[in-house]
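If you read the sequences in order, they're chains V and P. Per our numbering, the first sequence starts with residue 24, numbered consecutively. Per our numbering, the second sequence starts with residue 1487, numbered consecutively.
Rather than coming from a laboratory, the hints here were simulated on the basis of the structure. Where hints are given, some of them may not hold.
The following label-pair restraints were derived from C-beta to C-beta distances [stated by the list, open to error]:
1) P:Leu-1568 - V:Pro-156: 49 to 57 Å
2) P:Gly-1578 - V:Ala-99: 37 to 45 Å
3) V:Lys-210 - P:Arg-1627: 53 to 61 Å
4) V:Glu-211 - P:Met-1679: 48 to 56 Å
5) V:Asp-71 - P:Leu-1568: 52 to 60 Å
6) V:Lys-210 - P:Gln-1656: 46 to 54 Å
7) P:His-1536 - V:Thr-162: 55 to 63 Å
8) V:Arg-31 - P:Thr-1581: 28 to 36 Å
9) P:Gln-1656 - V:Thr-187: 28 to 36 Å
10) P:Gly-1578 - V:Ile-93: 26 to 34 Å
11) V:Ala-179 - P:Ser-1620: 39 to 47 Å
12) P:Ser-1531 - V:Ile-93: 18 to 26 Å
13) V:Thr-162 - P:Lys-1677: 16 to 24 Å
What the simulated footprint calls covered on chain P by chain V, stretch by stretch (three residues with Cβ under 8 Å from a Cβ of chain V suffice, anywhere in the stretch; the number is not a length) [claimed, not checked]:
14) 1491-1499
15) 1557-1571
16) 1582-1593
17) 1600-1612
All C-beta atoms in this analysis are idealised placements derived from N, C-alpha and C, irrespective of residue type, glycine included.
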Amino acid sequence: MNQDRSLRRLVRREIHSSRATASVLTASVLAVVFLWLALESVLALLRDNPVLASPGQLGHWLAGVPDKTIPAGLVAAGAALAVLGLVLLAAATAGGRRSRHAFHSDRSAVVVDGEVIASAVSRRARLSAGLAPGQVTTTVSKRAVRVQVRPTSGVAVDRDAIVTAVHDELAAYSLDRRIAPTIHVSKEGALGQ
Amino acid sequence: MSQTNRALNRILLALAGLVLLAAGAATAAAGMMPGVAASWAATGSSLMDHAGSLLDSAPLPGPARSWWAVAGVAALIVAAGLSIAWLASQGGGRTPRVGRQADGDRGTTVVETGLIAAAVKQALEGNRLVLGTSVSAWESRGKTGLRLRLQARQGASPREIADTAEDLVQGIDALLGHPLPVLVRITSGTKTMVAGPDRAR
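Taking the hints into account, I'd like the entire structure generated from these sequences.
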């Protein structure tokens, strides 16, 4: 049971984003701002020339922002800040699921890129219907697999064979989270295949 | 498999987002409502006066002039240090060794990741489905885990690769003598794009 839990943890951490990029960016900006403020404070205490603005100047500037800026500018700046804040909040609260899927395994945590699944499903569908490369495209998302088939012009495509092949392929993966396939056979055929 | 503290990342990002959102809302409100702008200016100048009198209230001989100024600088440096600590907490936990066993006074045996990497590479030589491998070891919660990354050929069935990986893991278990937690990653990468699909078999 313990083994199982640590495997599940491995899978979970591999499938979801760690939010490291957003954290690194935010932390870098914060560190630079704090270090700069500290430097300016020390320079002001030593009565030295400020690098950009002394804390006193900065305070006066901040207090005077509404008087010196036109209202539209204030609204625009406020909106920009709010949007940035919303982006960070979204990064903090959204699921952050990556395009990866877990295969069931008793021994190890197996995580497969959605891209690999897509190209394998395409190939299986293509071979089952006797189509040329490029006539089947597959997109894999969180809970669905979409197979788009473009038949050869003038040749009927065996839809049932493709459906069976795709179902077989997906069943073989024993995915931890079921994904349902949908198969679209387009009306227009491909010429010269 | 890194040791990044994900909950902490999300909490701190949420805090930063809330602060920015509040600042943005205040700025926009000041632009739209003259009353807010006026109270902003009034609060700002009263805070400046307050800071000035605070600085004078705890005088300190020498260039620093005030205890409060010293405290302010110290607080800023602590805040910068905490930001850098947050920055440094990303990633980490990778280790060059898979196992280590002390054998009394006769010495210590260390198994490096390179051994497993070489074994995996050799085992997959001539495998049409796997284009590249990489093996790394990670420490997490005091336990060492193995991360096995296999680059799939375009169109290769991940089931077959996963079965191959299962065999590999059994081999690794036999090689090391004790099972480690293993993460198998079946990925596509640059090699997948370059190598193209396998011919129909």
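To see whether the hints hold, each was checked on the structure:
{"no.": "1", "hint": "P:Leu-1568 - V:Pro-156: 49 to 57 Å", "verdict": "holds (54 Å)"}
{"no.": "2", "hint": "P:Gly-1578 - V:Ala-99: 37 to 45 Å", "verdict": "holds (40 Å)"}
{"no.": "3", "hint": "V:Lys-210 - P:Arg-1627: 53 to 61 Å", "verdict": "holds (55 Å)"}
{"no.": "4", "hint": "V:Glu-211 - P:Met-1679: 48 to 56 Å", "verdict": "violated (28 Å)"}
{"no.": "5", "hint": "V:Asp-71 - P:Leu-1568: 52 to 60 Å", "verdict": "violated (26 Å)"}
{"no.": "6", "hint": "V:Lys-210 - P:Gln-1656: 46 to 54 Å", "verdict": "holds (49 Å)"}
{"no.": "7", "hint": "P:His-1536 - V:Thr-162: 55 to 63 Å", "verdict": "holds (60 Å)"}
{"no.": "8", "hint": "V:Arg-31 - P:Thr-1581: 28 to 36 Å", "verdict": "violated (22 Å)"}
{"no.": "9", "hint": "P:Gln-1656 - V:Thr-187: 28 to 36 Å", "verdict": "holds (32 Å)"}
{"no.": "10", "hint": "P:Gly-1578 - V:Ile-93: 26 to 34 Å", "verdict": "violated (48 Å)"}
{"no.": "11", "hint": "V:Ala-179 - P:Ser-1620: 39 to 47 Å", "verdict": "holds (45 Å)"}
{"no.": "12", "hint": "P:Ser-1531 - V:Ile-93: 18 to 26 Å", "verdict": "holds (21 Å)"}
{"no.": "13", "hint": "V:Thr-162 - P:Lys-1677: 16 to 24 Å", "verdict": "holds (22 Å)"}
{"no.": "14", "hint": "1491-1499", "verdict": "holds (count 6)"}
{"no.": "15", "hint": "1557-1571", "verdict": "holds (count 8)"}
{"no.": "16", "hint": "1582-1593", "verdict": "violated (count 0)"}
{"no.": "17", "hint": "1600-1612", "verdict": "violated (count 0)"}
The earlier numbered hints that this structure contradicts are 4, 5, 8, 10, 16 and 17.
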